[in-house]
Amino acid sequence: MIILPNTPTPEQLSAAALEAASGLGATIAQFRLAKHDMRGVSLRDGEVENIGSESNVALSVRVVHSGAWGFAGTTEISIQGAIDAAARAVQLAKLSAKVLADEVVLAHEPSHGKQSWTLPIEDDAFSKTDAEIIDFLQHWNSKVSSSSIVSHIESNVGMGRDQTFYSDLTGNEISQQRDRISAALTAIHVSDSGFEDMRTCAPPAGRGWEYLTGTGWDWESEIARLPEYLDEKVKSPSVKPGNWDLVIDPTNLWLTIHESIGHATELDRALGYEANYAGTSFATIDKLGDFKYGSPIMNVTGDRTSAHGLSTVGFDDEGVAAQEWNLIKDGILVGYQTDRSIASKIGMDRSNGCAFADSALHSPIQRMPNVSLQPGSEDLSTKDLISNVESGIYIVGDKSWSIDMQRFNFQFTGQRFHEIKNGEIVGQLKDVAYQSKTPEFWASMRQLGGQQTYLLGGALNCGKGQPGQVAPVSHGCPSATFSSVNVLNTRNESAK
Amino acid sequence: MSGISLPEAVEVALELLGADGGVVIAGNSATNNLRWANSTLTTNGDSIDQTLSISAFVNLAGGVATGMSSGQFRSRSDIEALVEASKASAISAGPAVDAMDLVAGPNHPDFMEPCEVLDVSEIAHVSSGLSKIFADPSRHFFGYAEQSLDTTYVGTSSGTRMRYSERTSRFELCAKSHDRTRSAWSGQGGTSLRDVDTNQHLMDVSHKLDIQLNQIDIEPGRHRVTLSPSAVSDLLIYMLWSSAARDAAEGRSAFSNPSGGTRVGEKLSSRRLTLATDPRVRGIETFDHVVNLGSSALGSAFDTGIEIGRSEIISNGVLAALGSSRHAAQEAKLPFTPLTDNISLVDSDGAGTLTELASRMGDGLLITCLWYIREVDPQNLLLTGLTRDGVYVVSGGEVIGSANNFRFNESPIDMLSRVIDAGSTVPCLPREWADWFSRAQVAPLTIEGFNLSTRSDAI
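Chains as they are written, first to last, in the numbering used here: chain A, 1 to 496; chain B, 1 to 459.
Honestly, the hints are just simulated from the structure, not real lab data.
Keep in mind that the hints are not guaranteed to be accurate.
As the list claims (entries may be wrong) - Covered by chain B, per the in silico footprint, the following chain A stretches (three or more residues, Cβ under 8 angstroms):
(1) 3-11
(2) 44-58
(3) 83-97
(4) 154-167
What the hints assert, rightly or not - Computed, partial: chain B to chain A, Cβ under 8 angstroms:
(5) 71
(6) 136
(7) 138
Just so you know, even glycine gets a beta-carbon here, dropped at the ideal spot from N, CA and C.
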């Protein structure tokens, strides 16, 4: 799928790289060519602040030589560039082998031969002109700019397209393409007593332009209500800190899942690979199969197959076919996310396909698949959940997030905090942060919304690894109710 | 990558931009890295990234517009495509709010010189040191080493031709006890991995792990703490990123004056603290001219080529300036204050090492690293995050053991009003932000009533 004018084909580059690596003694050699296109437009108070595009292409060779990994990447897309990358990868592998304790062993994956996979979209966002995108954002701005509560407006649209070619010595030649799109509008109120803001809650998605025009999200209604939400927030009372029952909307809960389950069930973290940087995990290998992660109604899957998922692919960056599997079953930890080398370390027959690199200039590492909390068996609505809460807070939209390096202690805020009294929403609260420890929080989950509340949230900027890499990832979940969660008043937290 | 060199590509792009002009940046970024965990090497990498980036200026009826594009080039036609894309974006964008005349910046005589080349010898220096570290069977070691060399060519239609090379190195060593109840970290930024004494870092983390043999439970709450230079730098870098004059003047920043205007001139600390960005500070030198492709609260493409001098954001405890582009400075009626990629914090009355400062604290906690720092409330710049890899209990001026970790909720601005003592300024590696900001020289600080909000059980 990658077509570069006046450049050798992916197959020609691959053949040169793999032959060079093999000739230098590599026992395993993997070639990747990746093209990443991005476009973005941001408006500030209706004027364009930034507009631009990027198109980056690179190739890389990863080898195992003398039992050690070696990786080299380059933006020189030529036969010589591919051969040089192979030589540099072998050189680094030899250097690493001198201080290596554990030789690299890969879990088996059958060769899939020549494959092609494309994430389906309906309307190609990259076909839109800059003027069309700007007009579109200005239309959104016009829906809130007349409100007296709105002092400033920030809005943006971003889109990305990854085209990759993967090959290895086992005969794989896999071409893939996937698209994603994101947008947001933030309304800001400024007064003598301070400032507040309110942002749309729509997540980024593995979709095309159709996502901004009504497929998968009702932008028009949400943006039209932002001034009302903002006005109510500005006038709302500050929360009383203490233990509250929470009904958490999928627009907020996806991020809590990402931080407290997604990262905690990464096998490389459990094995210590991220200990110097992103951290480890409390969900260590010895807990697999019997650790009570949360309440019995908690079922969490990992997958690289969800429709419109940001981590959805046909094959991962080691040639492993996309799969779906259980991470938490009936509240018990039952699985991890793996790539081929760490899968072999815990005796798994096969990797579940979570190797990913954000460009051909970075070595693939184990990254997060779509990690999703399954809806309840009864198809309850969010209103049903709220009706079962005597005194609590309904939290909508994500904002601030932070969690410790073993994924225990977390603290999140949100866009809106609706107070619940006797099963009804009575108004907003502000200055809310909820803070808990992962197993305690998930053990307190007492009710799940049904399929009708299920939403695929997600992020484009999940960071991990050294050198740092970013990955897009989705998290599906229903609304859910949690009992007696510690709520902080952020103004109290900052008071001297 | 093609028959056209990077400086030649800059010239070709400027020619194609025509009379309306613009800014062109061509970069060659070379990096080597090693990573290790559980006392064995895990991943590594060697990459070469050449990219051409263009900010086209287009004269429209209402003013000058800008648009950006970037990517690789393999021929003149690729450069033409990038120029056309950036021009098309500019025309659609309409006049830029921050449009100003480009200055005639420097014309470096070595502009046409080729990129500097990075070889593996520096990373090899570290790998040889790791052999000795991994031979210590009493703990497990984790870490990362990176050496990068960036050569950048900047050309503008006003005649600016700048070429600069920056070497950046980073070494991090984390040690954990086999039972994973103790964890310590040591880090070093700089320009060359050859300057890293791996044995010194080994002794540092080993000493810290020995102290942690005595573990003392400490309840959350407001504590007197001494923050290491690394921890201070992580908090102040976030504050620096939040110090935009534009946002403050608009009333939407912690640096806004509630009665109008900004807080510039307000005394933030009773200590003689000076927080500066200065590209010429010895040991953390960085490029001393503005290089910008787009617009933000802190910069503008139209400022490219302007010399960056020393800017004191806080001067002797007083908020003295806020970061800005020329346009933002005009709007905010404040001096133009371009920021650069380094930070220094000096307390004129500060003295002594981190250990000596902790000792002077008497009773309190010595915090070595902060992690996962995020903004909770922009109105007061309340930040949250975690302590990590070493909180030490100080009693009677002596370090007597280690404490559990905590989540903190603190505003770095407010924190400055509670600084009660400071040490001497030293080089440090920001633990949280080193991926983006590694040039720091900062004084350790003792803070009264630091809000350690809740307990973290993480090790």
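> Among all the numbered hints in the text so far, which are the ones the structure does not match?
Replying inline: When the structure is compared with the hints, numbers 4, 6, 7 turn out to be violated.
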